[in-house]
Amino acid sequence: MSDVNPSLDLVHGTRVEPSKKAVVASVRGEIDLHNSPDLRGTLLELLAKHEPKRLVLNLSQVPYMDSSAIAVLVEALQKIRKTGGRIFLTDLQPRVKGLLEIARLDSIFVVAKDEADALAKQ
Amino acid sequence: MNSDPAEIADVRRAVENLAQSFGLDEKAVAEVGLCVNEALANVMRHAYGGATDRPIVVSGYCQDASLVVTIRDWGNGVNPATLPPKPFNPLEPGGLGLICLRRMMSQVSYVPQPQDGGGGMLLVMKKENPKLRRGSDFGARP
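First to last, the sequence lines map onto chains H and E. 122 is the number that the numbering used here gives the last residue of the first sequence; the numbers go up by one with no jumps. 142 is the number that the numbering used here gives the last residue of the second sequence; the numbers go up by one with no jumps.
So that you can see chain H by itself, here it is in the shape it has in the complex (with noise of 0.2 Å):
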């Protein structure tokens, strides 16, 4: 049995580019209503350390996700507005960029094609 907690793992790689006044971290894994609660938990945790102007989430390894994941995603984003920040979602895969257009919110997120395209984004 492994030690290892898996809301430790799901986010990983976080950092912050001054600059830019933004946090990018990498998301990982599949993410449905079991772990989707260790996602909002860490999410919301890093807009009240950093109070980034803009989140860039890397979605690279995430394959997957159901609709609880994108109720996290949505409140941050509407926690990331109060201060005036925009979260930007880089590298999506097929099915999440699908269920992102589902749900029509591949309008309200930033969707970017990499990290160094959201960071250069206005």
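Wrong hints could be hidden among the right ones.
So the derived label-pair ranges between C-beta atoms look like this [to be verified]:
#1 E:GLN63 <-> H:LYS49: 23 to 31 Å
#2 H:THR83 <-> E:GLU26: 36 to 44 Å
#3 E:PRO130 <-> H:PRO18: 28 to 36 Å
#4 E:THR52 <-> H:ARG28: 30 to 38 Å
#5 H:ARG15 <-> E:VAL111: 48 to 56 Å
#6 E:ASN17 <-> H:GLN93: 17 to 25 Å
From the structure, some residues in chain H lie toward chain E, with a derived Cβ separation under 7 Å [claimed, not checked]:
#7 ASP9
#8 HIS34
#9 LEU46
#10 LEU47
#11 SER67
#12 ALA103
#13 ILE108
#14 VAL110
Dumping the calculated DSS-like pairs for lysine-lysine here, alpha-carbon to alpha-carbon at most 25 Å [said to hold, decoys possible]:
#15 H:LYS21 <-> H:LYS82
#16 H:LYS20 <-> H:LYS82
#17 H:LYS49 <-> H:LYS97
#18 E:LYS27 <-> H:LYS113
#19 E:LYS126 <-> H:LYS79
#20 H:LYS20 <-> H:LYS53
#21 H:LYS79 <-> H:LYS97
#22 H:LYS79 <-> H:LYS20
#23 E:LYS27 <-> H:LYS97
#24 H:LYS82 <-> H:LYS53
#25 H:LYS49 <-> H:LYS21
#26 E:LYS126 <-> H:LYS97
No lab work stands behind these hints, which were simulated from the structure alone. Just so it is clear, CB atoms sit at the ideal spot from N, CA and C, and this is done for glycine as well.
Start from chain H and add chain E according to the hints.
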């Protein structure tokens, strides 16, 4: 399975494997998987109110040109199909699961179960395989 969110992924993958063996294409397999996920999550959150130790029975089989997936619960018996529709707001994503079911499955029906059988609900979802429609390369008879 139990109404434990930790079990959703394994059941979703099993149904996706069935859908794949039924000949559905990659997009359709993904749609079936997502709908099973969303239906199970709705049962766990709403029919069972978050209890993680209640029973859910999932079955899948092929019938004519369709993959049929059924989800039986013994929860509160509320039929989601009878709930008043609310205007869709992307910033209030509640209800997205039902939208997925309606858009991605060929047919969805909720069948309330008799109280003498324990009550609850039977969800029947069908996904047609276009390749098996009459007249197609796969379904046509000489």
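Verification of the supplied hints:
| no. | hint | result |
| --- | --- | --- |
| 1 | E:GLN63 <-> H:LYS49: 23 to 31 Å | 53 Å, violated |
| 2 | H:THR83 <-> E:GLU26: 36 to 44 Å | 40 Å, holds |
| 3 | E:PRO130 <-> H:PRO18: 28 to 36 Å | 53 Å, violated |
| 4 | E:THR52 <-> H:ARG28: 30 to 38 Å | 25 Å, violated |
| 5 | H:ARG15 <-> E:VAL111: 48 to 56 Å | 52 Å, holds |
| 6 | E:ASN17 <-> H:GLN93: 17 to 25 Å | 19 Å, holds |
| 7 | ASP9 | 15 Å, violated |
| 8 | HIS34 | 4 Å, holds |
| 9 | LEU46 | 20 Å, violated |
| 10 | LEU47 | 17 Å, violated |
| 11 | SER67 | 4 Å, holds |
| 12 | ALA103 | 6 Å, holds |
| 13 | ILE108 | 6 Å, holds |
| 14 | VAL110 | 14 Å, violated |
| 15 | H:LYS21 <-> H:LYS82 | 15 Å, holds |
| 16 | H:LYS20 <-> H:LYS82 | 18 Å, holds |
| 17 | H:LYS49 <-> H:LYS97 | 28 Å, violated |
| 18 | E:LYS27 <-> H:LYS113 | 22 Å, holds |
| 19 | E:LYS126 <-> H:LYS79 | 39 Å, violated |
| 20 | H:LYS20 <-> H:LYS53 | 8 Å, holds |
| 21 | H:LYS79 <-> H:LYS97 | 22 Å, holds |
| 22 | H:LYS79 <-> H:LYS20 | 19 Å, holds |
| 23 | E:LYS27 <-> H:LYS97 | 12 Å, holds |
| 24 | H:LYS82 <-> H:LYS53 | 10 Å, holds |
| 25 | H:LYS49 <-> H:LYS21 | 12 Å, holds |
| 26 | E:LYS126 <-> H:LYS97 | 24 Å, holds |
Hint compliance for this structure: hints 1, 3, 4, 7, 9, 10, 14, 17, 19 are not met, and every other hint is.
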